[in-house]
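A.B. asks: Following the numbering used here, the numbering of the sequence shown begins with 29 at its first residue and continues without gaps.
Hints in this document: simulated from the structure, not taken from any laboratory. Incorrect hints may appear among the rest.
[What the hints assert, rightly or not] Quick list of the computed label-pair ranges, beta carbon to beta carbon:
1. GLU181 to PRO95: 51 to 59 Å
2. ARG184 to ALA305: 31 to 39 Å
3. GLN238 to GLU286: 24 to 32 Å
Source: prediction; values computed, not measured. C-beta: ideal position from N, C-alpha, C; glycine also.
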Amino acid sequence: MTLQAYDNDMTGLHWMMQMLQTVDVGLVVLDRNHKIQLWNSFMENHSGIRTSQAREKNLFTQFPDLPEAWLKQKIESVFSLDSRAYSTWEQRPYLFKFKSYRPLTGKSEFMYQNITIIPLTGIDKSVSHACILVYDVTDIATSKLELEQANQELARLSRTDRLTGLNNRGHWEESLTQEFRRCKRTGEKSSLIMFDIDHFKKVNDTYGHQAGDEVIRVVAHSLLQMQRETDISGRYGGEEFGIILPDTGSEEAFVMAERLRQHIEASPVTYEDQMIAFTISLGIREFDSSLNDHTQWLEHSDQALYQSKRGGRNQTTIFGK
29 MTLQAYDNDM
39 TGLHWMMQML
49 QTVDVGLVVL
59 DRNHKIQLWN
69 SFMENHSGIR
79 TSQAREKNLF
89 TQFPDLPEAW
99 LKQKIESVFS
109 LDSRAYSTWE
119 QRPYLFKFKS
129 YRPLTGKSEF
139 MYQNITIIPL
149 TGIDKSVSHA
159 CILVYDVTDI
169 ATSKLELEQA
179 NQELARLSRT
189 DRLTGLNNRG
199 HWEESLTQEF
209 RRCKRTGEKS
219 SLIMFDIDHF
229 KKVNDTYGHQ
239 AGDEVIRVVA
249 HSLLQMQRET
259 DISGRYGGEE
269 FGIILPDTGS
279 EEAFVMAERL
289 RQHIEASPVT
299 YEDQMIAFTI
309 SLGIREFDSS
319 LNDHTQWLEH
329 SDQALYQSKR
339 GGRNQTTIFG
349 K
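With the hints as constraints, model all of the structure from the sequences given.
C.D. replies: The structure is reproduced here in structure tokens:
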């Protein structure tokens, strides 16, 4: 080799090492015993461990929080198969628990990372080392997570009644349709309660529509507090509400309806220093195989509700009884 060629090789090697140290990607080269052979500036800056401290140290000793079994399996596949291995932030948010270095603009405490592990071959063409590449994808990850959260919120809003926070009529009726089909298929018990606020027009006329809205909100809040986790409640329209009670017979539904009725009767609303006392009337229809569709189930519950109205209001009626 001529002196000129030697100088060129050394210059090229210098440039390559400079690039490896300054590139905005983590580079960790391991031997077969998982000892660190290369530790670039990215890793040094984010870990706080200097290159001189890292070299020839076992990776898992330096980072005891690493998922050792998982990572060793990945590394071993790179050595044995001479092929790359990957992990994305969606599969595992990070490999190295580095803090995000965008504290002002970032939305994440830790750095989200994509990982690539590549085989490095020696002169004899066999895999002698594995290189772990650590990509900071925090901006991409947080943007995607924020978009997903926004979409979830939009989906929630599209099925939520704005005044009460309950399911709106469209979404609640879809749930009723699904429950009808489930019961038709399995033969399991389920009950439907429909109820409304007695003399609600009088509340609006006497105290104003804003007071009426407050009454509706209080009823919805009471319902959410008293229903079970599996129950599905919704605002059907105006001052009318519905509750789907899966795996519940009419007698059990009656107990729940009466608890709600008595609670509301004993809980007048205070609005602008005015005490507004009010009651509700309820109707119950237990599912049975004679029902043709969810609409008929709904109609029978309404019929029981109107029977409560005709009977003097502030009471619960089971359909057919």
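A.B. asks: Hint by hint, work out which the structure violates, then give me just those numbers in ascending order.
C.D. replies: 1
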